[in-house]
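**Q** In case you want the letters, here they are:
2 protein chains.
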Amino acid sequence: MNFADKLIKAVNQKESHACVGLDPRWGRIPEEIRNKAIAEQGETLVAVAEAIIEFNQGIIDAVAQYVPVVKPQIAFYEQYGHQGIRAFEETVAYAQEKGLLVISDAKRNDIGSTAKAYADGHLGTANVLEGLTVDLNTDALTITPYLGCDGIKPFVNNCQKNDKGIFILVKTSNSSAHELQDIKAEDDELVFEKLADLVDEWGTEVVGEKGYSSIGAVVGATYPEEAEKLRNLMPHSYFLVPGYGAQGGGAEDVVPCFNEDGYGAVVNSSRGIIFAYEKEEYSADYKKAAQQAVINMNQDINTALKKYKKFAF
Amino acid sequence: MNFADKLIKAVNQKESHACVGLDPRWGRIPEEIRNKAIAEQGETLVAVAEAIIEFNQGIIDAVAQYVPVVKPQIAFYEQYGHQGIRAFEETVAYAQEKGLLVISDAKRNDIGSTAKAYADGHLGTANVLEGLTVDLNTDALTITPYLGCDGIKPFVNNCQKNDKGIFILVKTSNSSAHELQDIKAEDDELVFEKLADLVDEWGTEVVGEKGYSSIGAVVGATYPEEAEKLRNLMPHSYFLVPGYGAQGGGAEDVVPCFNEDGYGAVVNSSRGIIFAYEKEEYSADYKKAAQQAVINMNQDINTALKKYKKFAF
Numbered sequence: 189m190n191f192a193d194k195l196i197k198a199v200n201q202k203e204s205h206a207c208v209g210l211d212p213r214w215g216r217i218p219e220e221i222r223n224k225a226i227a228e229q230g231e232t233l234v235a236v237a238e239a240i241i242e243f244n245q246g247i248i249d250a251v252a253q254y255v256p257v258v259k260p261q262i263a264f265y266e267q268y269g270h271q272g273i274r275a276f277e278e279t280v281a282y283a284q285e286k287g288l289l290v291i292s293d294a295k296r297n298d299i300g301s302t303a304k305a306y307a308d309g310h311l312g313t314a315n316v317l318e319g320l321t322v323d324l325n326t327d328a329l330t331i332t333p334y335l336g337c338d339g340i341k342p343f344v345n346n347c348q349k350n351d352k353g354i355f356i357l358v359k360t361s362n363s364s365a366h367e368l369q370d371i372k373a374e375d376d377e378l379v380f381e382k383l384a385d386l387v388d389e390w391g392t393e394v395v396g397e398k399g400y401s402s403i404g405a406v407v408g409a410t411y412p413e414e415a416e417k418l419r420n421l422m423p424h425s426y427f428l429v430p431g432y433g434a435q436g437g438g439a440e441d442v443v444p445c446f447n448e449d450g451y452g453a454v455v456n457s458s459r460g461i462i463f464a465y466e467k468e469e470y471s472a473d474y475k476k477a478a479q480q481a482v483i484n485m486n487q488d489i490n491t492a493l494k495k496y497k498k499f500a501f
Numbered sequence: 189m190n191f192a193d194k195l196i197k198a199v200n201q202k203e204s205h206a207c208v209g210l211d212p213r214w215g216r217i218p219e220e221i222r223n224k225a226i227a228e229q230g231e232t233l234v235a236v237a238e239a240i241i242e243f244n245q246g247i248i249d250a251v252a253q254y255v256p257v258v259k260p261q262i263a264f265y266e267q268y269g270h271q272g273i274r275a276f277e278e279t280v281a282y283a284q285e286k287g288l289l290v291i292s293d294a295k296r297n298d299i300g301s302t303a304k305a306y307a308d309g310h311l312g313t314a315n316v317l318e319g320l321t322v323d324l325n326t327d328a329l330t331i332t333p334y335l336g337c338d339g340i341k342p343f344v345n346n347c348q349k350n351d352k353g354i355f356i357l358v359k360t361s362n363s364s365a366h367e368l369q370d371i372k373a374e375d376d377e378l379v380f381e382k383l384a385d386l387v388d389e390w391g392t393e394v395v396g397e398k399g400y401s402s403i404g405a406v407v408g409a410t411y412p413e414e415a416e417k418l419r420n421l422m423p424h425s426y427f428l429v430p431g432y433g434a435q436g437g438g439a440e441d442v443v444p445c446f447n448e449d450g451y452g453a454v455v456n457s458s459r460g461i462i463f464a465y466e467k468e469e470y471s472a473d474y475k476k477a478a479q480q481a482v483i484n485m486n487q488d489i490n491t492a493l494k495k496y497k498k499f500a501f
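Going down the list, the protein sequences come from chains A and B. For reference, each letter of the first sequence is one residue, going 189 to 501 in this note's numbering. For reference, each letter of the second sequence is one residue, going 189 to 501 in this note's numbering.
Simulated from the structure, these hints should not be mistaken for lab results. For each residue, glycine too, the CB sits at the ideal point set by N, CA and C. Please note that the accuracy of each hint is not assured.
With a cut-off of at most 20 angstroms between alpha-carbon atoms, the simulated SDA-like pairs for lysine to any residue come out as follows [claimed, not checked]: (1) B:Lys304 to A:Arg459; (2) A:Lys349 to A:Arg459; (3) A:Lys304 to B:Lys304.
The following label-pair restraints were derived from C-beta to C-beta distances [what the hints assert, rightly or not]: (4) A:Gln201 to B:Glu389: 16 to 26 angstroms; (5) B:Ala227 to A:Asp449: 35 to 45 angstroms; (6) A:Ser301 to B:Gln487: 50 to 60 angstroms; (7) B:Asn223 to A:Glu219: 23 to 33 angstroms.
Chain B residues, not near chain A, derived (Cβ > 10 angstroms throughout) [unchecked claim]: (8) Asp211; (9) Pro218; (10) Ala235; (11) Phe264; (12) Glu266; (13) Cys337; (14) Lys372; (15) Thr392; (16) Gly460; (17) Ser471; (18) Gln480.
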């Protein structure tokens with residue numbers, strides 16, 4: 189089953205279009221978890237890794253029933269070196285054990301054999317020694333497109349071979365996104381629109397039974413009008429939509445990222461879910477808070493979808 | 189001393205504009221190193237990491253006297269998960285011990301606090317616990333620009349704060365580079381030229397005593413005419429030039445990447461140096477072969493520079 193079909197199956201099971209971003213920040217992990225890790229491991233990067241793993245497992249336990257997919261942002265692990273990557277690997281394994289799909293938000297990019305190395309590490313098996321697999325192995329990966337198709341094809345190959353997915357940065361949610369993405373070409377098309385055409389083309393070979401391709405796009409929720417345009421340019425691509433919640437996007441803003449069939453987008457929230465316990469309206473127990481925040485987010489998005497699109501479930 | 193000044197000092201000391209790419213590939217590491225690692229660690233990722241470390245240390249010993257800088261491509265480590273990243277860290281530390289500057293070729297990119305996490309991990313100290321530093325810590329990092337300045341500023345900040353450098357992908361050496369990079373804007377400028385203007389602007393606050401900024405650019409050696417244009421658009425930026433050797437660029441092709449003062453570019457070769465031992469004209473001893481290959485490369489580039497530019501040493 190290709191990645192898009194797996195994703196849709198999970199969306200239907202959980203009745204949710206939400207993705208929980210697992211972006212641990214040391215200072216915001218509940219103090220008791222940090223203190224316990226330091227007591228056991230000293231003030232070391234091992235302690236940091238252990239605290240992250242325990243925190244993430246708690247979040248995963250709390251949300252696994254309510255969302256199809258989680259998205260660890262690898263920067264928050266990589267910054268702690270190889271111990272951080274160990275924490276990433278254990279987080280991925282735990283989430284998959286709990287039946288969740290995992291998108292590695294790594295925004296990787298390179299060409300040729302280097303891109304293949306990334307693709308093999310994140311979306312397959314770096315077959316270095318017979319039978320050895322690498323624990324980095326996730327279900328999908330975010331990709332940056334500046335290098336053109338040489339930097340995309342090695343990832344597409346692994347999507348085909350290993351039933352994995354990628355989400356290519358097309359239109360991001362940040363305020364300087366326009367600097368390169370919105371340059372107007374001589375034919376009046378914008379750079380990100382030209383890229384959207386390419387994404388649609390790259391996806392044609394990896395379309396699943398439900399009509400969606402495993403070559404998705406990252407489309408920021410902060411630009412709803414552009415989302416609508418992009419939805420038309422990439423009808424078969426699943427959108428990964430950041431910017432909901434902490435970054436200012438609301439449920440109505442993400443609606444244009446969906447197709448008329450009520451599918452086509454997973455909406456990510458990171459801080460708004462995993463650190464919900466810091467807010468007064470939520471439980472001080474970080475797991476209960478995350479669970480409630482995810483239930484609220486599902487309701488918020490599903491209500492908006494019901495209003496404007498064919499409701500999926 | 190800012191990164192550009194450190195780089196120029198090292199270039200002068202070694203009388204070399206070359207950079208050795210440390211891109212280990214399991215199957216091309218000499219068999220005795222692989223067998224030894226497997227004998228000691230079994231068929232595990234630990235063995236893979238140990239073999240990479242030993243191989244890299246041999247290369248570093250062989251070339252440290254002849255080049256200012258090395259550039260591990262992190263994809264070739266990351267593909268082996270956290271053990272691979274451990275090998276990366278040990279490689280970086282060993283190279284720095286031997287007096288080499290290290291550019292992490294990671295092509296990282298993200299925005300806001302996520303970009304800061306990458307910047308802190310690669311170009312500073314992820315100050316998570318008092319006194320803890322992360323071993324990922326390199327001297328410079330390659331960056332992808334698709335997100336605009338939000339994705340650049342956090343890295344520039346660390347360049348200023350910690351005397352580090354970045355090289356922003358402007359014009360790459362691959363054949364599909366044109367798909368996005370060469371889109372012609374309505375004012376007739378190409379996307380990569382507009383980016384070059386931005387890079388020049390971002391660098392103004394980080395110019396060192398020698399007139400070079402710590403905000404460099406990646407400019408492929410396979411497009412010499414464009415290199416000349418880019419040299420004019422970014423007079424203060426150091427160029428990191430891939431594509432020499434294995435990718436088809438020669439010494440004459442890289443000359444336009446230099447300024448008239450004979451500085452302004454470091455030219456990378458990876459496979460051509462570290463796997464020189466596979467070629468008949470070189471020693472079968474991989475260290476001797478790498479050393480000879482680097483001496484040849486220096487001579488090749490310095491001869492071409494002498495012909496066309498003010499020769500630096």
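**Q** Next, verify each hint and record whether it holds.
**A** A quick look at each hint next to the structure:
{"no.": "1", "hint": "B:Lys304 to A:Arg459", "verdict": "16 angstroms, holds"}
{"no.": "2", "hint": "A:Lys349 to A:Arg459", "verdict": "34 angstroms, violated"}
{"no.": "3", "hint": "A:Lys304 to B:Lys304", "verdict": "27 angstroms, violated"}
{"no.": "4", "hint": "A:Gln201 to B:Glu389: 16 to 26 angstroms", "verdict": "49 angstroms, violated"}
{"no.": "5", "hint": "B:Ala227 to A:Asp449: 35 to 45 angstroms", "verdict": "57 angstroms, violated"}
{"no.": "6", "hint": "A:Ser301 to B:Gln487: 50 to 60 angstroms", "verdict": "28 angstroms, violated"}
{"no.": "7", "hint": "B:Asn223 to A:Glu219: 23 to 33 angstroms", "verdict": "49 angstroms, violated"}
{"no.": "8", "hint": "Asp211", "verdict": "7 angstroms, violated"}
{"no.": "9", "hint": "Pro218", "verdict": "15 angstroms, holds"}
{"no.": "10", "hint": "Ala235", "verdict": "8 angstroms, violated"}
{"no.": "11", "hint": "Phe264", "verdict": "5 angstroms, violated"}
{"no.": "12", "hint": "Glu266", "verdict": "5 angstroms, violated"}
{"no.": "13", "hint": "Cys337", "verdict": "5 angstroms, violated"}
{"no.": "14", "hint": "Lys372", "verdict": "5 angstroms, violated"}
{"no.": "15", "hint": "Thr392", "verdict": "16 angstroms, holds"}
{"no.": "16", "hint": "Gly460", "verdict": "14 angstroms, holds"}
{"no.": "17", "hint": "Ser471", "verdict": "25 angstroms, holds"}
{"no.": "18", "hint": "Gln480", "verdict": "24 angstroms, holds"}
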